[in-house]
Amino acid sequence: MYERKFGEVILDLKGISLSFGAMRVLNNISFNVRKGEIRSIIGPNGAGKSSMLNVINGVYHPQEGEITFRGEVRKEMKVHEAAGFGIARTFQNIALFKGMSTLDNIMTGRNLKMKSNMFWQAIYWGKAQKEEIEHRKKVEEIIDFLEIQAIRKTPVGRLPYGMQKRVELGRALAAEPEILLLDEPMAGMNVEEKEDMSRFVLDINDEFGTTIVLIEHDMGVVMDISDRVVVLDYGRQLADGTPDVVRNNQDVIDAYLGVPH
Amino acid sequence: MLLPPNQTEGQQSVALDTFPKLLLNHARVRGNKVAMREKDLGIWQSWSWSQVAEEVRALACGLAALGFQPGDKLAIVGDNRPRLYWSMAAAQCLGGIPIPLYQDAVAEEMVFVLDNADVRFAVVEDQEQVDKLLEAREQSPKIEHILFDDPRGLRHYEYPFLTSIDKAQELGRAYDLEHPGFFEKMAGSTSGSDICIMLYTSGTTGNPKGVVLTNDNVIITARNGIIREGLTENEEVLAYLPMAWVGDNLFSYAQSYVAGFTINCPESGATVMTDLREIGPTYYFAPPRVYENMLTQVMIRMEDASKIKQRLFHYFMEHAKGTGTRILDGKPVSFMDRLLYKLGNFFVYGPLRDVLGLGRIKLAYTAGEAIGPEIFDFYRSLGINIKQLYGQTEGMVFICVQPDGEVYADTVGTPAIDVEIRIDDSGEVLYRSPGVFHSYYKNPESTAKTKTEDGWVYTGDAGYFAENGHLKIIDRAKDVGKLNDGTLFAPKYIENKLKFFSFIKEVVAFGNARDYAAVFINIDLEAVGNWAERRNLAYSGYTDLANQDVIYDMIQECVEQVNRDLSKDPLLADSQIKRFLILHKELDPDDGELTRTRKVRRNFIAERYGPLMDALYSDVDVKHVETQVKFEDGRSGILTADVKVRDTKTFTPVKAVS
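One line per chain: the protein sequences are P and L, in this order. Residue 446 in the numbering used here sits at position 43 of the first sequence, and the numbers go up by one each step. Residue 1660 in the numbering used here sits at position 370 of the second sequence, and the numbers go up by one each step.
Same shape as in the complex, but just chain L (with noise of 0.2 Å):
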């Protein structure tokens, strides 16, 4: 059973405000409860709670012993690790600071955050690791110790600085017998008002700004998301995404200190879709595109399955997309209906979950990116409770949640426990909170730009409050254009809503400070390839195949789709698809046309194809281009097409009626 915050079984209140307060409560409440699980030589190995609160003391003494102050800053690089999650704890309980780093950030990109954040103490995971750090230590000088987990290939590294955390929790031990009340003093004076975490984020522009967050920010937040869900104790989370990420922090860390839940971490990186099968967590949090790709796996193996086993997916599939949706929503469904989905659960429904390693959820959530709203309704339908949310780091995560019963695919839902939000005259949204973070370390304009002085804090995000009350995302602020007519036009948003359709890879929109809206889209060369074989229609390559009628046919009904949803948006409808064409050539970060994650470059594009820009808001029907390209071994050659444009239909609004 969950507490009130401030009080503890059988024990007058003693503030647990920090996390080394609700380690020490932890080990004395629930000791023998597993707080903790590894996978380690093919088998689960635990911990319980005493035993971390025990691991995390030596580790915690031991770094004092090397000299670890008040204070100090302790990086932490690495997959997820128990030991590297002791050691936040460990720093914590000394008053100091962890800094978790992405375990896949080069040596170069470590250098600016150890050097901007004075850090003298990092743990890390293993020889790779090492090797960075040496490596950033030419440049950051100011590392003192290094601390490792997994000595393989460490033997002939003679370096003072470098230290086992075995070792240093050997040290540790003999501190705290010289030492007798050291460490419970040290955990015992944290307070709620401390700083407990940085956490860098990536910064699509310039250097990686530290956000600070306290023991407030983190708890608070952490126990308002446990009551609102209502989580218990017995949670099992698999804590898989990097431990750098906002996210980890709060699902894998700050949850399971103020629940008491158990974490368990993966074999390895390539073993986590084993070890969730194996585990069944009843807690969960992917990306999107993890959700995408688990629904892949599943239907390229339906394909290969029997007849008899396909027909009964696609039939059970088939009546669970209205069913199943509606029962987990709590709505009404016919008994009848009842009666199927119960047999649907007993062939389909249960075993995939089970496959699935979704056999035991009871709270999935999703966010940071739009999910398509077939991926997320094929999972609801199955019966698991997966929700998106909305959140950042300088807000420790939550800012609105979608609450159980009202799961829209297009909204983010209504404001967290204590969350308070606005939107302003722009169209960006604000929100306060007490989550929201403490400043950017030695960054006061980039905090004076993002923070008000009463505490509100821009998202960045331009969204609205559509009628049911829930918030709706439409894009980042400062992409947010309006057309000539003063119409708002939100150029991710109608993206997102044409790629979601399996023939279309990307979609660059176009229409800020133009007369209407068009679009160019790259179709996906597979699944178009393999509809157009299916037909017997031939073609030599992506040029060809983009350029064929029916390919255009198909492309514009999804488009006109698009449009058709966008008609009944309050605000967005008038921005509706006037023209489309498809490109002559596929997309590429090689040609500078989308960055190396996959986002498109906007008006580089739009330079680059100034021609067909020009197409577009004209009505010429068919545009002859030449344009230059890179090929993959660094030649390049001129590609030339004739690229269609298209008209769209599109629909008159539809005015919600009050």
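Extracted from the complex, chain P is given alone in its bound form (with noise of 0.2 Å):
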């Protein structure tokens, strides 16, 4: 319908190993990111997508390659570095508070972003009010653009497993991210589930400019939504391009498919 347009690359990975002990999980691996874009890992079970995606935020220190962030070439990423540069994450196994109101919970992701202290905040006065109504506001938008308004005060341990998706979502877009990691934002949801959550993925990009780095099993999905794919396939890369290209590469369709013998 119109072009898209990206900006530089903000993320570039180089020669990517990394080794648990004797089991080589990822292995010489390439690819960046550029500003603004879509851009999905894809592969099989095992192939290594959560551990590339634990690579770019830091929980796991790759033995071999170099990561270009920012401009700045480094060998790996650290937890609270990536976070505090604008990476936020949502993950495979929903990670929130289940106690908590769904308002709660997206306002933990807000945190970094807090800057008076605990005992202003404790007292609920002067400039921790303010910022906290700030917050709130903030909040409220993201609650507005997922359209959860009417769970916002309901404990996410009673929602469906759809909506708790969405309330993660919402927690890692309260961090204001550059860049936003999701994790198969899509398994185990039904089909208009994964439409709905298609959806917010592109209208995310599109209202905020937010980068996404996707990881997805649904080829349907992968295929329909990003601009560029990477293929892994037990660690090692097979593809990587827009989905027309992966889509009739060769190894891609053998590691999908099967090779016939």
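Think of the hints as simulated: they come from the structure by calculation, not from any bench. Here a beta-carbon is modelled for each residue, glycine too, at the ideal position from N, C-alpha and C.
Okay, derived cross-link-like pairs now, DSSO-like style, lysine-lysine, Cα gap no bigger than 27 Å in a straight line:
hint, chain 1, residue 1, chain 2, residue 2
1, P, LYS540, L, LYS1457
2, P, LYS516, P, LYS481
3, L, LYS1889, L, LYS1934
4, L, LYS1920, L, LYS1795
5, L, LYS1599, P, LYS556
6, L, LYS1795, L, LYS1611
7, L, LYS1732, L, LYS1768
8, P, LYS533, L, LYS1329
9, P, LYS541, L, LYS1329
10, L, LYS1457, P, LYS541
11, P, LYS541, P, LYS556
12, L, LYS1868, L, LYS1772
13, P, LYS597, P, LYS541
14, L, LYS1329, P, LYS540
15, L, LYS1329, P, LYS556
16, L, LYS1939, L, LYS1875
17, L, LYS1621, L, LYS1677
18, L, LYS1789, L, LYS1611
19, L, LYS1934, L, LYS1795
20, P, LYS540, P, LYS516
21, L, LYS1768, L, LYS1868
From chain P, some residues computed to sit far from chain L (all C-beta separations above 12 Å):
hint, residue
22, GLY418
23, ALA425
24, MET426
25, THR471
26, PHE494
27, ALA642
28, ASP643
Each chain sits in its own coordinate frame; assemble them with the hints.
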């Protein structure tokens, strides 16, 4: 409908290899992420997709390779750096505070943005109060954006799975990230929930200009919403390119459909 | 205080006979009073009457700047949003005609209306509706401008004819400066006999029809309703029903403009119940199913409550059953009963009303279909003044309303102010009122068929006046038949009476051109299943459960109860149910037995179950049948069963002693 434009490369991964003991999880992976694009990582179970995501936000430290983030070359990311620099993520298994309301869960995503100290927050006065009101406004905007007004005050433990996923997305959004890492956001959803989630991913990218790195199983969804796709298989990089290029790549077809013998 | 027509406070009489004039008058007289609220980002935002007038003015001038002419139609599509209501007023200020459409209609359904009404301008809520209109526009290229409220997702839509409401208002303010006096002139030159709105009726058969209504139709009817119920400018209303429906136009637009009360727009469709509680409306409309759902919610939550609370609840609800309704109707109640009711009000009724969001209700209406007497009485016994009304789009809603203190579950009340009613020889109800519509748009044949030259309108409903002077609607006129002995037979009336029992899910009544009335019944698997489980009654599925003798006994009691009721009805006493059977399968839209809106297709069912029909009208006790059924995945199979048929007891008609 319109031409999508992307900015410069904001994250560049070169020759990343990661091992746990003798187990080689990632083997010489190189790809980059440009500002404003929807970048997907796909591959069968155990391909190393989640590990790749963990390398990006600093949970795992690769033995080889270099990461260039915002023009700075480094050997590894650190968790607090990643978060501080605007990388937020969601998890494959939902990691919310089950007893807390949707609103409070999303509010926790604002944590890094809060400046006033605990004392002032506790007595809720002066700057702390003003700050809280601003954060609440931001959270309400996210609630509106994700259309979850009706569950604002509901404890998330009582919500259906698809809704919990949405709340988790909301919490990641609350950090106002530059890059949003989504680990299988559509796993276990029915068709309608998947469509909703796809729409939110597209809208976030469109509305806030957020760069999105997405891991997904569902090939249909990935091919529909991604700008570029990188394919992993047993820690190896099989292909990298637009959905069309990837779809017609013989190695990818073999890996997904099996090789005739 | 409500003023008589044609008078304003402190001014000599200016005829307030159009919406633009009413709006400008409110801005003058009660400029600081809240006219509208909307919950946005978790907070209720409000607009006063003078602010609304400013917004409408900017929007109207914006429309004019874009080329909107008097007589042009403005399609409005979306949820209940303040700006959509303002566009309605804006179009009316320019002598245009707003046409609200159902927001959940798909593009193809919209094409007919857009094309039929020659719509040039549309105001829509969001991207979803813009997409639909773009699709519709391919088939109905008459649309020249589309205005939207929420810009989300529309950033990359580059169409010259797509404008945001904000942008239109900006254009409007500039236009207003360049053309001083334009707005006043346009708004002032509207008159009572002008067409003020077109509402398309959904039309169960054929294409929808555009009901054309004038300012006089709408405003006089709205005012009559306000006078009869004593409503004031201090009412609070929640606008949550589709804008395309005549009721919403009356309750959340017309009556607010006449009386000056406040309209509240919910945050989203899913938050209506929460918003209802936060607002606490004083004037409320809901179709019966909403009241039914609320009651179910209460009952489910009571099941989980502690034993003490349960006993308290049941004790006081039992007391309220007799007392509450009598107090509400102003009938004598003994001192002790009154005292106990006060106590109950403190412990149970008050908190319960508050939880339901009905704590401040002065007046609640219901209409559309029959409401179960138990549901009706539940709310009335809590002290909530819920009343039935009878109306239709062609008469701007009000035909009959139940008067305070004379509320009966099975009648729809007495004629509303200025409404005349007569029953023709075939039993069909006709009415004549100031609200009677102008015409069906571009459809003189249908207009002539529905409205006589001297202004009487055929409702299509059969009914009669009960002895207390209240109108009683029994069925659609075309469905009412006669038994072979000439007795009146109203299938839907009988079906509804049976469906009020929680064990019965669907009923199909037969009797037209037969010797007696008889019914097919579908039990409610959930309710009856529960009942069976509590009695350790084993069953393998619907077919098995439906065929058990104890279930037949239970249903027979229900049928005989209905017969007892029917025997007291002067017209329908002889159409008591003589035989019934419980169908071996649940009626299903997939098999064509129900419409998508779950109405029974009586003739289709009679044909499909021919052998069972024969069994109903013979004296066999058991009938073996084989039925083809479609499963959800599209495959089909054969269902066989031995269906029992039972005779029921009938009662001697109780003739009223005069």
